[in-house]
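There are 2 protein chains.
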Amino acid sequence: MPEKPVAVVLLSGGLDSATTLAAAQKEGFVCHTLSFDYGQRHYHELAASEKISRVLGAADHQVVRLDLRSIGGSALTSDIDVPKEKKEETEAATDIPSTYVPARNTIFLSIALARAEVLGAADIFIGVNAVDYSGYPDCRPEYIRAFEHMANLATKISVQGKQRIRIRAPLLHLSKSEIIKKGAYLKVDFSMTHSCYDPSPEGRPCGRCDSCRLRAKGFKEAGISDPAS
Amino acid sequence: MPEKPVAVVLLSGGLDSATTLAAAQKEGFVCHTLSFDYGQRHYHELAASEKISRVLGAADHQVVRLDLRSIGGSALTSDIDVPKEKKEETEAATDIPSTYVPARNTIFLSIALARAEVLGAADIFIGVNAVDYSGYPDCRPEYIRAFEHMANLATKISVQGKQRIRIRAPLLHLSKSEIIKKGAYLKVDFSMTHSCYDPSPEGRPCGRCDSCRLRAKGFKEAGISDPAS
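If you read the protein sequences in the order shown, they are chains R and V.
Under the numbering used here, the first residue of the first sequence carries the number 263, and numbering increases by one thereafter.
Under the numbering used here, the first residue of the second sequence carries the number 263, and numbering increases by one thereafter.
Quick caveat, the hints were computed from the structure, so don't treat them as lab data.
Hints are not guaranteed to be accurate.
Copies of the same chain look alike in the list, so a pair counts if it works inside one copy or between any two.
[Said to hold, decoys possible] Result set (EDC-like, lysine to aspartate or glutamate): computed pairs, CA atoms no more than 20 Å apart in a straight line: (1) K288 to D329; (2) K313 to D488; (3) K444 to E483; (4) K424 to E404.
Please take these sequences and the hints and turn them into a complete structure.
Following this line, the structure appears as structure tokens:
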């Protein structure tokens, strides 16, 4: 029997990355999950990541400490308030919200690339999507393609011609409700997942931030009830 | 008088990055330096970075903690021995040495990109060079170009069309002796710089690792004596 291929899967504790992990497992990869302790407000996502990783049967789960608070610039890692309720009428739809963490996906993918190189993995999975992407520039298909191109020039395994790095974003073109349907089909237990940008100290979702509202809308459109709400 | 442009400069404490900082200062940038505490063996480089930054007049110096030891895979961050003396005859010249840290420049540039975005800086300086580059894939011109392309798709400032990110590698096509001559011309005090991959606990260079030997050869060819040896 041929050896199973190895993948690194970025895990945030949210339903998108949980569904991404389930998709990678379904494809037959031995999955090594990676999460970041980057000084985020929503620290509860780390506990969720660990649980999701274990329940879905990943080979291992690693948490990398990285002090992004010292970089600043985002409502998720600094004292800027997390925006609640609907956007102001004056705010253009193309505006990038204050919850954007500068270069976050680039940093996370870079560290995943290092991990992939150490493991000899050619596939890196990330749960970004470009439909309900909240206006983050690093969730677009052209960004993912550019990172993949760079990754293949950056690393020992690709330069030595052993294998080509692939950045896999299976949710890229799905809406939130389609992601929820896909996750349900893959039997992801959404009660383990955590989406809120600004939960209570006990980890309860606020129900009002962009991420909570997008999640509620997605479940409603999918016709599925959210076990975490 | 127009405002001075702002740059982020990656600083390792070695002579290459010190010369890069001096070059950026000479070009008139307000320089914000960035170093990493990534579990490296050669911890003394952090003290050197702080001093270089201060003496050369950078606007500020930031050290980001990042646990690359948990990723592993390099002699610089794990228990693999740092290679000493000449390479074995059996080792091909194209081999990538064990001191290569997986995806290190990609990780460092990604965090510099986040810092640049927060500061509103368009220029990121890195002291890589492709001549005496020890076979690291992430020191080649095509890699730097690919990172720059990706960076311009990744970030808010570039997507909003405000400015284009530039990855500046002023030493890219210089040999070690040319870098030393350039540094001397820019009045860099090389006694502050630190190159050894495996110094003594007191910070004395071993004189035998790749980096020490490359430095010694560079000073010899430049006809300059090394004040740090």
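Hints, one by one, checked against the model:
1. Taking the shortest alpha-carbon separations for K288 and D329, neither the intra-copy value of 33 Å nor the inter-copy value of 31 Å comes in at or below 20 Å.
2. For the homomeric pair K313 and D488, the shortest alpha-carbon distance inside one copy (18 Å) is at most 20 Å, but the shortest distance between copies (54 Å) is not.
3. Taking the shortest alpha-carbon separations for K444 and E483, only the intra-copy value of 13 Å comes in at or below 20 Å, while the best inter-copy value is 63 Å.
4. In the homo-oligomer, the alpha carbons of K424 and E404 lie at most 20 Å apart only across protomers (19 Å), although the nearest pairing inside one protomer, at 25 Å, exceeds that limit.
Consistency with the previously given hints fails for number 1 only.
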